[in-house]
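2 protein chains.
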Amino acid sequence: MKNNLGKIHVYTGDGKGKTTSSFGLALRAAGAGYRVCIIQFMKGQDYSELKLLKSLPRVSFQRFGPKTFVIKKGKAEDFKQAKKGLAYAKKVLTSKKYDLVILDEVLVAVFFKLIAERDLIALIKHKPTKTELVLTGRRATPKIMALADYVTEMREIKHPYQKGILARQGIEN
Amino acid sequence: MKNNLGKIHVYTGDGKGKTTSSFGLALRAAGAGYRVCIIQFMKGQDYSELKLLKSLPRVSFQRFGPKTFVIKKGKAEDFKQAKKGLAYAKKVLTSKKYDLVILDEVLVAVFFKLIAERDLIALIKHKPTKTELVLTGRRATPKIMALADYVTEMREIKHPYQKGILARQGIEN
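Protein sequence lines correspond, in order, to chains A and B.
Counted from 1, the first sequence has number 622 at position 75 by the working numbering; the numbering is strictly sequential.
Counted from 1, the second sequence has number 551 at position 4 by the working numbering; the numbering is strictly sequential.
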């Protein structure tokens, strides 16, 4: 198959479906024969999808995040993990071994200042021409959106959190 | 695992990520041990993700749509396929064999009047209590959104179609 990839996607906004969209895209791309690398930021916990994601052919998966959900301002471990994740992403992109690279929640890591915006921008600018790159997370910055080809905002119109429903395993995480 | 499912999700809007989100959710739910049934409306073509989706454990997949992309107003085959899809969805839901049922693009089928809104509403109202139901497609109607627990609008902020890029296999379909 001819590789006509190379675009940059941003999935942002407060609504559901940013991470799941990127995983659905991984499934689609791997199904089409592309090699996919998913790098998750801010997430060190065990998510339900990991087992199946890791079992897919042509899909590589790596997480860089704290073991708990709580991000504390200025916590050294969070910075260290985010920095490791970014270095790994650079290695993966420059290796040119993957057709689709997904940096899940990297935009949140920028929002929490665990990653400097300029460092992510430098990474994006060094993306190989033929690699499709997906960035997800709330609060994408204007500069990063300006670099993207596709920007989609997931807008929350209605959510049962408002009625006190907690995140459920297998659906929300 | 305790089944604490039973919510209704709507993914709508003109942006990317409605179908891929539902597939990512399928991956997550199946990874958590839930049984998933995906029913696609309006799509009879071969999509890249099908091969891998079908290979996932606990995931069943069925499509009801025309073999070509073109939906012609009043075309008998399109009505027939949509009707068959809805009947199948009813069978699947009432069987209670699945924890998560995804009706992909069903909202577009309603928009094109291939399915009557009242028929989809009747189906939603007969959903078993413990079944999680996902409806995707542009132009969700107010009545259907009112029945949903989660409504997410995928808003297109930026898209290279504007620059004349066509849909690419493995990314857009």
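Hints in this document: simulated from the structure, not taken from any laboratory.
Errors might be hidden in some of the hints.
Remember, identical chains collapse to one label, so a pair may be satisfied in a single copy or spanning two.
Straight-line Cα separation of at most 27 Å, BS3-like style, residue types lysine-lysine; simulated pairs [as the list claims (entries may be wrong)]:
| hint | residue 1 | residue 2 |
| --- | --- | --- |
| 1 | K677 | K627 |
| 2 | K660 | K677 |
| 3 | K705 | K627 |
| 4 | K554 | K705 |
| 5 | K674 | K622 |
| 6 | K614 | K672 |
| 7 | K705 | K601 |
| 8 | K705 | K614 |
| 9 | K677 | K705 |
| 10 | K672 | K705 |
| 11 | K601 | K690 |
| 12 | K598 | K644 |
| 13 | K705 | K637 |
| 14 | K643 | K614 |
| 15 | K601 | K637 |
| 16 | K674 | K705 |
| 17 | K672 | K598 |
| 18 | K598 | K627 |
| 19 | K643 | K598 |
| 20 | K622 | K601 |
| 21 | K622 | K644 |
| 22 | K622 | K677 |
| 23 | K631 | K705 |
| 24 | K705 | K622 |
| 25 | K660 | K601 |
| 26 | K622 | K643 |
Run the structure past the numbered hints and jot down the numbers of the failing ones, going up. Violated: hints 1, 2, 3, 5, 6, 7, 8, 11, 14, 17, 20, 21, 22, 23, 24, 25 and 26.
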